[in-house]
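> Chain residues, written in single-letter form:
2 protein chains.
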Amino acid sequence: MTPTPRTTPSRLAKRAHFDEATIYSILDEALFCTVSTVIDGQPFAIPTAFVRYDDALYIHGSVGSHFVRTIEGGAPVCITVMLADALVVAKSAFHHSVNYRSVVVFGAATKVEDYQQKVEVLKWFTEKIVPDSWGYLRPITESEVRKTTVLAFPLHEASAKVRTGMPNDDEEDQALPIWSGLIPLLGGRGAAIADNLSQNIPLPNHLQ
Amino acid sequence: MTPTPRTTPSRLAKRAHFDEATIYSILDEALFCTVSTVIDGQPFAIPTAFVRYDDALYIHGSVGSHFVRTIEGGAPVCITVMLADALVVAKSAFHHSVNYRSVVVFGAATKVEDYQQKVEVLKWFTEKIVPDSWGYLRPITESEVRKTTVLAFPLHEASAKVRTGMPNDDEEDQALPIWSGLIPLLGGRGAAIADNLSQNIPLPNHLQ
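Chains A and B, in that order, give the protein sequences.
Counting with the numbering used here, you get residues 1 to 208 for the letters of the first sequence.
Counting with the numbering used here, you get residues 1 to 208 for the letters of the second sequence.
Bear in mind the hints are in silico, worked out from the structure with no lab data behind them.
All residues carry an ideal CB built from backbone N, CA and C; glycine is no exception.
Don't take every hint at face value.
[To be verified] Here are the simulated EDC-like pairs of lysine to aspartate or glutamate, each with C-alpha atoms no more than 20 Å apart in a straight line:
1. B:K147 to A:E172
2. A:K147 to B:D170
3. A:K147 to A:E120
4. B:K147 to A:D170
[Claimed, not checked] Partial selection, computed: residues in chain A whose CB lies under 8 Å from chain B:
5. A30
6. T34
7. A93
8. I178
[To be verified] One side only, chain A facing chain B, incomplete, derived with CB under 7 Å:
9. S36
10. P47
11. V77
12. L83
13. D85
14. V130
15. S143
16. W179
17. I183
18. P184
19. G190
20. H206
Go ahead and model the full structure; you've got the sequences and the hints to work with.
In structure tokens form, the structure reads like this:
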């Protein structure tokens, strides 16, 4: 992806990445983003789920949502995603840091109007949460599709920032008998918990 | 906290909370926020670490950061925080959801200029990452404090949104033999990993 003035960081340029492989892998691992826009000159942002497919990022929401209605007309948005991998504990407070992978996307929404395309995007959403689950669920209804707004954001202007590795302590601090290293931040999914309606329903393979 | 038009959700009002106990507990558990602002009419957002103390939220950054310099003058910002607790797997795709706790704060920065106050906020930052570690580290230097901008955001206009519990499937779907329930999203901290400089340094108590 070509860097632009607003995707070029003012600091720590070595952490910036513009290749699709890096950007897409972060987008595909993260479940949530923050979508920011401008309403009457004021910043307004919400965290929400998203899915990437090919060279676009999708969000969805209720047709009744004020925020969705604000951005569906093509208002400029900034979408951020962050995965936090580890706390970086240095010998000085100043060099404490975080190992993270983040993406910033600038763009504007295109509303997905085609019915079949909307259904397809809702399938991608569902299968990002639980892979291979779409065909197992009660089929989506026309009314449910109509109640949902799906917005696409082409990934034309995006960048990633990534920090990895150990603390970068000052040369003169390196011999100090002060512990330095990483504290990993854990993630992942726990074992599924059935609700009252599902106590006697076998857990399907795609949830095991 | 008193709801305002922009902290009052347009949908799912039952998920909204305005009490300090709820808002502060989310801010104290989360390590990262997204700070959004408006630059030349365009939305611009970055993920960053933060700390809450009393009735203010603090971020810090390099004095050389373009973003920090933009907002330190008091430009309006919107700060969002999200903790994702579980994926909510319903019997229909439409009722899939997420158990989450989020906070949205509207405000503007006050730059912390007082030297001792800056040091104090940097201590809160450090001890949010690793409790009780400040006194163990190589002491912060005046130069390090001067290279760091600390911004305070009074928590005057903020709200939380919280979803808990099981899926809310449609009445007519409840007898379907389709598994529904929760998939917990795991968090927490893993065991500390020493860097090369610390292989022979005992892990301090505050990191165990």
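> Taking the hints in turn, state whether each one holds.
Cross-check of the supplied hints:
no. : hint             : verdict
1   : B:K147 to A:E172 : holds (18 Å)
2   : A:K147 to B:D170 : holds (15 Å)
3   : A:K147 to A:E120 : holds (15 Å)
4   : B:K147 to A:D170 : holds (15 Å)
5   : A30              : violated (10 Å)
6   : T34              : holds (4 Å)
7   : A93              : holds (4 Å)
8   : I178             : holds (6 Å)
9   : S36              : holds (4 Å)
10  : P47              : holds (4 Å)
11  : V77              : holds (6 Å)
12  : L83              : violated (10 Å)
13  : D85              : violated (10 Å)
14  : V130             : holds (6 Å)
15  : S143             : violated (9 Å)
16  : W179             : holds (5 Å)
17  : I183             : holds (5 Å)
18  : P184             : holds (4 Å)
19  : G190             : holds (4 Å)
20  : H206             : violated (10 Å)
Hints 5, 12, 13, 15 and 20 from the list above are not met by this structure, while the remaining hints are.
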